[in-house]
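Asks: Between the sequences and the hints, there should be enough to build the whole structure, so can you do that?
Chains A and B, in that order, are what the protein sequence lines are. Counting with our numbering, you get residues 1 to 251 for the letters of the first sequence. Counting with our numbering, you get residues 1001 to 1570 for the letters of the second sequence.
For the record, the hints were derived by calculation from the structure and aren't laboratory data. For every residue, glycine included, the Cβ atom is placed at its ideal position computed from N, Cα and C. Possibly wrong hints are sitting among the right ones.
In silico lysine to aspartate or glutamate, EDC-like type, Cα no more than 16 Å apart, as pairs [unchecked claim]:
1. B/Lys1124 - B/Asp1373
2. B/Lys1182 - A/Glu87
3. B/Lys1182 - A/Glu235
Beta-carbon label-pair distances, calculated as ranges [as the list claims (entries may be wrong)]:
4. B/Arg1273 - A/Gln197: 34 to 42 Å
5. B/Ala1461 - A/Pro128: 50 to 58 Å
6. A/Glu171 - B/Gly1197: 49 to 57 Å
7. B/Gln1079 - A/Ser155: 34 to 42 Å
8. A/Asp88 - B/Lys1182: 32 to 40 Å
9. B/Arg1040 - A/Ala121: 24 to 32 Å
10. B/Asp1318 - A/Pro128: 27 to 35 Å
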Amino acid sequence: MAKKDKNFSRRDFLKTSGIATGALIGGGIIGGLIGANTNQQDTASPTSTGTSEESMGAAGGVRGLVFFGNNAEFEILNQATERIFPEDDLGPGAIGLKVAYFIDQQLAGSYGENSKEYMQAPFYEGEPTQGYQSRLKRNEMFRQGIQLMQQEAQSRFNANFVDIEGEQMDEILTAFQEGEIQMRGVDSQFFFRLLRQATLEGVYADPIYGGNANMGGWRMKDFPGHQAAYINEIESEDFVEIEPQSLGMHD
Amino acid sequence: MVTTLDSVDVVTVGVGWTGGIIAAECAKEGLKVVGLERGRERGTEDFSIVHDEYRYAVRYELMQDLSRETITFRNNRRQRALPMRQLGSFLLGEGLGGAGTHWNGQTWRFLPYDLQIKTITDEKYGANKLPAEYTIQDWGITYDELEPYFDRFEKTAGISGEDKNPFWGKRSSAYPTPPMKKTPILQRFETATSNLGLSPFMVPSANLSEAYENPDGQQINACQYCGFCERFGCEYGAKTSPEITVVPAARETGNYEVKFNANVVEVMKEGDRVTGVRYFDTVTFEEFIQPANVVVLTSYVMNNAKLLMVSEIGQQYDPETGQGSLGKNYAYQILPGATGFFDEQMNTFMGAGALGMTVDDFNGDSFEHGDLDFIHGASLSITQTGSRPILANSTPPDTPSWGAEFKRASIENFTRTLNVGGQGASMPHKENFLALNGTYKDIYGVPLLELTYNFTDQDRALHNYITERAGEIMQEMGAKTVVTRNPITDYDIVPYQTTHNTGGTVMGADQATSVVNNFLQHWDAENLFVVGAGNFAHNGGYNPTGTVGALAYRCAEGVIRYSREGGSLV
Ligand SMILES: Cc1cc2nc3c(=O)[nH]c(=O)nc-3n(C[C@H](O)[C@H](O)[C@H](O)COP(=O)(O)OP(=O)(O)OC[C@H]3O[C@@H](n4cnc5c(N)ncnc54)[C@H](O)[C@@H]3O)c2cc1C
Ligand code: SF4
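Replies: Listed below in structure tokens is the structure:
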């Protein structure tokens, strides 16, 4: 097996990643158009431009909590997700992308309530190959996990989670990841996986869900989001850079 | 109180590909058909905002609601079976079109070898090539007998393809539409496999390369390569699905009605005939009996087996004695493969569900197995389905799974990662089977199905061998780093693998070892038919639906003949 090689050119990467590109161009949804001319420039609507964070995602730029009733809990989540997906020279991290707002909204809905999962008793601990067997709903896991992060910060560092150093947060998160934190009704490894996955979902889901602010997650990855079609570009030998577009970018 | 409805000629349970094909063929012949579908009505107009990875691909918007019904699972008989509480390994369908709404559209014909696997293996390698616990058997039908039905399905679906594979069975006619676009990523695979002396060809696709009108007069549009195909419905009506082909064809006859929110819980039986089905309205929980002259189970592998079990039709398989056929020969697939990390950026986010190229040089019996400790093999493909950012976070080995280093590597590689993957044929084993669970029930009070399954030595050997081949191809494709898949140990129901479940209601020529005959007619009840990948006696190296579609056309012929003449069809 070949050895990994980290020598990619960061300049090339930044150049093509779209981070430094100019104004955002909105476009109406043209799904349903058969054989539409899919050249982005032709279908873009010049009226719906906007570059500010506030104009994306949550309606009218308003943000608020719908699951957490306590700002302290929300702040812990904010910091924890930032450790998982930190801001760096590539672009924003979880906080900048509003990931915790995304998770808050998800926890209040069918995701948090496990409404599409089989939740009937009896509950038995199974083999790992049998998957998730907890009677806890996801929002209960998050609430408990966040409380335990705070407890760990207090007992390890005698401080609030949000006030400790990044490396200290990492130490606590790693303890969760390794299954070392005693949780009730679920093991901490499972909770950590859920937290990590929810963070990535908040980074990369369409901004209509309240995360991925300004489509910043997509920009870093060069993912153009919702595009009607690639029939005209898919044979291109070169990498094609396309301004991303959200499902929410229509009148 | 149970309400008994007016009797019809044919009732089907579930309206996916199988239910739709039976309905269209029977309704065209003047039979009155009712399709009972537990999900809701849906169609192309519902997919105008479908380019949403989170809702459709991550939260499974179009798939089965497990809060109502799931299956239970254990790796072996010593374990306690527990419910699959959230979808993972496979994604079960629900709603009009079933899984045919959100499939990829790779449309294969199983190999002539597949249908006579036992005979050919014994002839070529002797009777002891596999230990006796592998319960391989012929399907009771040959490729040549099934060929007209394959042809039929491909014409209905308008499949785009090219007949360039030296290893597959003879075709009576060309593909109805030309292959899809051969993108630079596919060309890379083509060049590499050609250099290695292999025979690449375009994947036969139900994402159509051009607009097409099928023999029923239904229009299928041209694929726009939108990159949101697998797990999504097509907003262009370009991915062939039951609800844009066979369902409207059936409805246009005036002889077909679909009842939605109708969850069937029992097949009614009197002596050696079935009389209809009992179902719940999923909204009101009212109970109904739908009497019918013919009952066709078209509710997918899992539910077809379950309905026979709860209705006590046929003999349940017992792994202790080897007796009984119902639930026997369940098989899954194994996914050998290799990932390549490249220097240059590629348009990995563009694509279509069945856009790909394949080599069959290591599938079926196209290579010599004399010195190998397994039979069969895998098709090896590259597919460009459209990478999406939540679920595509490949990183080279030794990258941490979170934090700054993870962020950098996952972003860097999003447009620089390609996969060559195999669909490994899985051979049935006496310890892998379906039964009813004694503890857990669905929301209607009916026991859940129980899956007992693990990978076998045959699977592991095949996986190792094919993974090496995949690694060689990826190397030849010029990847900077090639990572081959880890050897498989125990089957794990958590990560998505493939929705290619087979067996449990196996077809065959012999009543002792099969549930249905080769018209998919039940051996114990002549007016009961069971159709789906559950009929497969083992799993092959391809996606199942081309073969399922062929079997559904075969079954429809059987239902029509039975309706006119009665009696056993074989
Ligand atoms: C993501 C994904 C990708 C796939 N890609 C491919 C591919 O590229 N190529 C390929 O060949 N195959 C593919 N498949 C598999 C393919 O979708 C299935 O083989 C095919 O759709 C099966 O058709 P069916 O009619 O047997 O069952 P289904 O499509 O599952 O239809 C069964 C229907 O029965 C209904 N039903 C079930 N139980 C009941 C009940 N008790 N009462 C009433 N109704 C009931 C369900 O709601 C469903 O609508 C894919 C599957 C998935 C999930
Ligand atoms: S890739 Fe093609 S067939 Fe698939 S959903 Fe998009 S347009 Fe439809």
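Asks: Hints first: check each against the structure and report whether it holds.
Replies: Hint by hint, here is what the structure shows:
1. The straight-line distance between the Cα atoms of B/Lys1124 and B/Asp1373 is roughly 14 Å, inside the 16 Å bound, and the hint therefore holds.
2. At most 16 Å may separate the alpha-carbon atoms for a hinted pair to count; B/Lys1182 and A/Glu87 exceed this at roughly 39 Å.
3. A C-alpha spacing of about 7 Å is found between B/Lys1182 and A/Glu235, which places the hinted pair at or below 16 Å, so the restraint holds.
4. Checked against the given bound of 34 to 42 Å, the beta carbons of B/Arg1273 and A/Gln197, roughly 51 Å apart, lie outside it.
5. In this structure, B/Ala1461 and A/Pro128 break the distance hint of 50 to 58 Å, their C-beta atoms being roughly 24 Å apart.
6. Against the hinted window of 49 to 57 Å, the Cβ-Cβ separation of A/Glu171 and B/Gly1197 comes to about 53 Å, which satisfies the hint.
7. For the pair B/Gln1079 and A/Ser155, the supplied restraint of 34 to 42 Å holds, since their beta-carbon distance comes to about 37 Å.
8. For the pair A/Asp88 and B/Lys1182, the beta carbons lie near 38 Å from each other, so the given range of 32 to 40 Å is met.
9. Separation of B/Arg1040 from A/Ala121 is about 28 Å and conforms to the stated range, judged on CB atoms against 24 to 32 Å.
10. The hint said 27 to 35 Å for the Cβ distance between B/Asp1318 and A/Pro128, and at roughly 29 Å that hint holds.
The structure is inconsistent with the numbered hints 2, 4, 5, although it conforms to all the rest.
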